[in-house]
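> So the chains spell out like this:
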Amino acid sequence: MYILVCGGGKVGFYLAQELLNANHEVLVIERDPGRAGQIAEELSSNVVHGDSCEATTLDLAGVARADLICAVTGDDEDNLVICEIARRRGVVRTIARINNPKNEELFKKRGIETTISATQAVLAQIEQELPTHEIIPLLQLHSGLELIEIRIPDTSPVVGRSVREVLLPAESMISLIVDPGGVPRMPSGDTRLNAGDALVVVTRNESLPVLRELLIGSTHGLDT
Amino acid sequence: MNVIIMGCGRVGARVAGMLDAAGHQVTILDTNPAAFRRLPESFHGRREIGNGMDGPALEKIGIEQADAFMAVTQGDNRNYFASQMAREVYHVKRVICRIYDPVREQIFHELGLETFSPTSIGAQIMFDMLLGQQEAK
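The listed protein sequences correspond, in order, to chains P and X. So that you can map any letter, position 23 of the first sequence is 23 in our numbering, and since no number is skipped, the others follow by simple counting. So that you can map any letter, position 46 of the second sequence is 270 in our numbering, and since no number is skipped, the others follow by simple counting.
The hints are simulated quantities; they were obtained by calculation from the structure and are not laboratory data. No false leads were slipped in.
Here are the simulated BS3-like cross-link-like pairs (lysine-lysine), alpha carbons at most 25 Å apart as the crow flies: (1) X:K284 - P:K109; (2) P:K102 - X:K317; (3) X:K317 - P:K108; (4) P:K108 - X:K284; (5) X:K284 - X:K317; (6) P:K10 - P:K102; (7) P:K109 - X:K317; (8) X:K284 - P:K102.
All chains should be modelled from the sequences, with the hints used to inform the complete structure.
Put into structure tokens, the structure is as follows:
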């Protein structure tokens, strides 16, 4: 694949290095001439000096034949502009780095589905390590779907019930159950849910409150 | 009209003064409070310190009630980003966006924004002044 990496900071540099190691054709576009020179030395000249937000720079870099463009500068507005111009030039696959997780909505509305946010990843990791949060976001999938992990507390209304008996919200499914001993199982309709099970669930973002109510129950642990 | 202007530079301050004098409700936003000195003394509108690319900051100054949003900071990409946020996330009816780079201006215009490039306009005026193709005023 021919991959354009826009932004030669730490993220862009190591990304390009890994992609080159995986035998892809890679070109880094870096605005700062000093930094571009440094990258040229370390990546044996797979770099151009220029502003990736300018269509002419992207054209010179061969954007028209690129299979993928990765906009990984430190500025969300630059990453949005790079993806927009690249798509106007016919690049179908764009990946954008987002620094402010709140900006994800705008990228999605502009049709840039694949966004990576370090801030969001660290937040998710913190949530994973805090036992008080029963719902852990694992991965954002396409078109509003999400992969989450839910731990079933002792007080959950579904303890002892089979998967079939649990009426999940639309477009939600339990895809994996990890029991308290750490053993993973593919659930069937007859699989019984036990306290301490970790369920990996595919769901829609807006169904989270319903799932919480259903699988964790109210804060008093009463059956609903 | 309820108008939010992002960027209190020469153009932002001037258009804010004009709209205010014409009786519109104007809020001008800048990250640097010193920028507000450019506003005319008669300006009645609101001066707000903040970043127009930040959703919560825009909500705080009432973007959801705005009829129009104008982006005139020094950064083309910032103007584009904030304008798309106003349009796509907050559904502001009129969004006007300044883009210095004529190539980017063309692309953003094709993506549905109301844009203008002072570079193109200025160059055309100079060309016409020199070659006399513009009627003398």
